[in-house]
Amino acid sequence: MEKRGAPPAAPPRGPVLHIVVVGFHHKKGCQVEFSYPPLKPGEGHDSHSLPEEWKYLPFLALPDGAHNYQEDTVFFHLPPRCGDRTTVYGVSCYRQIEAKALKVRQADITRETVQKSVCVLCQLPLYGLLQAKLQLITHAYFEEKDFSQISILKELYDHMNSSLGSTLLEGSQVYLGLSPRDLVLHFRHKVLILFKLILLEKKVLFYISPVNRLVGALMTVLSLFPGMIEHGLTDCSQYRPRKSVSEDAGLQENTPQLDGYVSVSAADTSNTNFGIGKGGKKMAGNHSLEGQNGNVPFSQSEKTCNGAQPSSGTVQRLKVPSRTSPASSESDWETLDPSILEDSNLKEGERENTASEQAENLPSKGVSSESLPITVQPQANTGHTVLVPGLVSGLEEDQYGMPLAIFTKGYLCLPYMALQQHHLLSDVTVRGFVAGATNILFRQQKHLSDAIVEIEDAHIQIHDPDLRKILNPTTADLRFADYLVKHVTENRDDVFLDGTGWEGGDEWIRAQFSAYLHALLAAVLQPDNEKTLSDFGTAFVAAWKNTHNYRVWNSNKHSALAEVNSSHPFQGQYSVSDVKLRLSHSVQNSERGKKIGNVMVSTSRNVVQTGKAVGQSVGGAFTSAKSAMSSWFSTFTQSTQSLGD
Numbered sequence: 001m002e003k004r005g006a007p008p009a010a011p012p013r014g015p016v017l018h019i020v021v022v023g024f025h026h027k028k029g030c031q032v033e034f035s036y037p038p039l040k041p042g043e044g045h046d047s048h049s050l051p052e053e054w055k056y057l058p059f060l061a062l063p064d065g066a067h068n069y070q071e072d073t074v075f076f077h078l079p080p081r082c083g084d085r086t087t088v089y090g091v092s093c094y095r096q097i098e099a100k101a102l103k104v105r106q107a108d109i110t111r112e113t114v115q116k117s118v119c120v121l122c123q124l125p126l127y128g129l130l131q132a133k134l135q136l137i138t139h140a141y142f143e144e145k146d147f148s149q150i151s152i153l154k155e156l157y158d159h160m161n162s163s164l165g166s167t168l169l170e171g172s173q174v175y176l177g178l179s180p181r182d183l184v185l186h187f188r189h190k191v192l193i194l195f196k197l198i199l200l201e202k203k204v205l206f207y208i209s210p211v212n213r214l215v216g217a218l219m220t221v222l223s224l225f226p227g228m229i230e231h232g233l234t235d236c237s238q239y240r241p242r243k244s245v246s247e248d249a250g251l252q253e254n255t256p257q258l259d260g261y262v263s264v265s266a267a268d269t270s271n272t273n274f275g276i277g278k279g280g281k282k283m284a285g286n287h288s289l290e291g292q293n294g295n296v297p298f299s300q301s302e303k304t305c306n307g308a309q310p311s312s313g314t315v316q317r318l319k320v321p322s323r324t325s326p327a328s329s330e331s332d333w334e335t336l337d338p339s340i341l342e343d344s345n346l347k348e349g350e351r352e353n354t355a356s357e358q359a360e361n362l363p364s365k366g367v368s369s370e371s372l373p374i375t376v377q378p379q380a381n382t383g384h385t386v387l388v389p390g391l392v393s394g395l396e397e398d399q400y401g402m403p404l405a406i407f408t409k410g411y412l413c414l415p416y417m418a419l420q421q422h423h424l425l426s427d428v429t430v431r432g433f434v435a436g437a438t439n440i441l442f443r444q445q446k447h448l449s450d451a452i453v454e455i456e457d458a459h460i461q462i463h464d465p466d467l468r469k470i471l472n473p474t475t476a477d478l479r480f481a482d483y484l485v486k487h488v489t490e491n492r493d494d495v496f497l498d499g500t501g502w503e504g505g506d507e508w509i510r511a512q513f514s515a516y517l518h519a520l521l522a523a524v525l526q527p528d529n530e531k532t533l534s535d536f537g538t539a540f541v542a543a544w545k546n547t548h549n550y551r552v553w554n555s556n557k558h559s560a561l562a563e564v565n566s567s568h569p570f571q572g573q574y575s576v577s578d579v580k581l582r583l584s585h586s587v588q589n590s591e592r593g594k595k596i597g598n599v600m601v602s603t604s605r606n607v608v609q610t611g612k613a614v615g616q617s618v619g620g621a622f623t624s625a626k627s628a629m630s631s632w633f634s635t636f637t638q639s640t641q642s643l644g645d
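So in my numbering, spot 306 of the sequence shown is number 306, and the numbers just go up one at a time.
Keep in mind that the hints are not guaranteed to be accurate.
Below, a list of computed lysine-lysine pairs in the DSSO-like style, where the Cα atoms sit at most 30 Å apart [unchecked claim]:
{"hint": "1", "residue 1": "Lys133", "residue 2": "Lys154"}
{"hint": "2", "residue 1": "Lys55", "residue 2": "Lys145"}
{"hint": "3", "residue 1": "Lys469", "residue 2": "Lys531"}
{"hint": "4", "residue 1": "Lys27", "residue 2": "Lys100"}
{"hint": "5", "residue 1": "Lys145", "residue 2": "Lys27"}
It is worth saying that the hints were derived from the structure and are not from the lab.
Being a predicted model, the structure only gives us computed values, none of them experimental.
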């Protein structure tokens, strides 16, 4: 078997950039133990040094609190190293094994267990497919019980580069492991709130442990946006790592609330649920993984480095501003600079195209308002969709302008965030994020996010009352969400539905959200559209029109939307069933509603235990229920009247 110390490998031949092994050292913390090809040209496979851009790699591949689980899977994003804006997609499989089971035990193994992760760094967002292959290899690597045997890892690198290609983005394999059915079953009507939160480019933090549940839920939400997984994340990880420990200390002085948490030693938290684990130890003691300064380019082909990215001119127009003062940086992210549309690099015809857009946006004809495109079965992806580089977004877009340019210009997508990245939440060059965390410290810093999604309880905590009102679902939205929930729950036990296009299946659900978004886009283009947009939420649409992704989308024409019905898929007159829907939604999502539910459960339990609904306990329960119901119903009546108006 081949062992470490082989000469450096040839440049990458395919989408996989590196295979990396990250281990936990009892003194040094998380560190890279092996990389193929080496992460830095000229280094050996066993070098611990890291490129400055990827200094957080060890903490992403080996997550906080990993010692609490035998195995786990992490999806993470790294910034590009090539100078362009292509995200590096990481998938890591973690395992731990008892040290006494090893055939070859190195001298630095002093603990009872050995914790390591094998990860793939790739240029294609094939999360589930990479995970499936990597889990098998990780299992085989651990079964060797000799971590110096690395030939299997080199074979994995060669196999992946020979078998993976960009054509996989055109099929359903890009969604492998992402289940909208499970998401709808768990979050039910709240799925649409998550969808709208991200459309508004808010700071959204997902929270749960272990990591595989976290990244699975987060990426599944993103898969509801047409083309987002395939082509919408190429610019989602443009951030600047802190360059030194002194800089870390300086920034921590400006964030006193975090300071108190980070100063806690890992030893003090090892027996708690905080989950700082190995990351805390690394921060407290070892600085050897800080890496070296340097913009070391990949020793790889220009094609691998740049991919199908837009011209350097477009990149320059949308890259992170160099100014660092909070005032100037925030103003840069506030709006899309109109001068972008007048750049000298744009063609004259394209400028005229943009200027005359509003005059060209005519309403579609011959489409019945009663038709429901939401119920049409999705068409199979045949790979014939024409994609062109977006004029402003730089993303590969279809004829509808999808994917929307949400994760661009400083809006980050970080499926998993290590504690060492906490500063990004308050970085002035980051205008927003959709991020996942397992460490309780992230959840406690509520002022750094607009919404916290607690996946375990399917609870969405929105801090701003005005934002809650904006996201309050309309009657048509509730019908749409109820339509999804009913189709999924009716077929939840049918194992043949998973991954198919049948009603209630994964592809079917994604098609419904695609139709919803297309209808919203078509509606905003129509004149005198106030009534139509009210079905989507007047306040929501007004807020969405102020976002970067809307302005980018609206800066160009998308003629295919002329064929889309420009009304909400579930528009219609208010009815008794809508009152029931609103009642059900309010009970599930308000504090008073939860109290009513608890009272009813208590009442039912007492009835069962005593056999008759008499006695002080039951009488008190009914009195409590009546009081709570009366107070809550008066509030509900006011909200329904406002909806009717």
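Hints and how they fare:
Our distance criterion of 30 Å between C-alpha atoms is met by Lys133 and Lys154, whose separation comes to about 14 Å. A threshold of 30 Å between alpha carbons decides the hint, and for Lys55 with Lys145 the separation of about 28 Å falls inside it, so the pair holds. Restraint check for Lys469 and Lys531: the C-alpha separation of about 18 Å stays at or below 30 Å, so the hint holds. Proposed proximity of Lys27 and Lys100 is supported: the alpha carbons are some 20 Å apart, at most 30 Å.
Proximity of Lys145 to Lys27 is assessed by CA-CA distance (about 22 Å); at most 30 Å being required, the pair is judged to hold.
Hint compliance for this structure: every hint is met.
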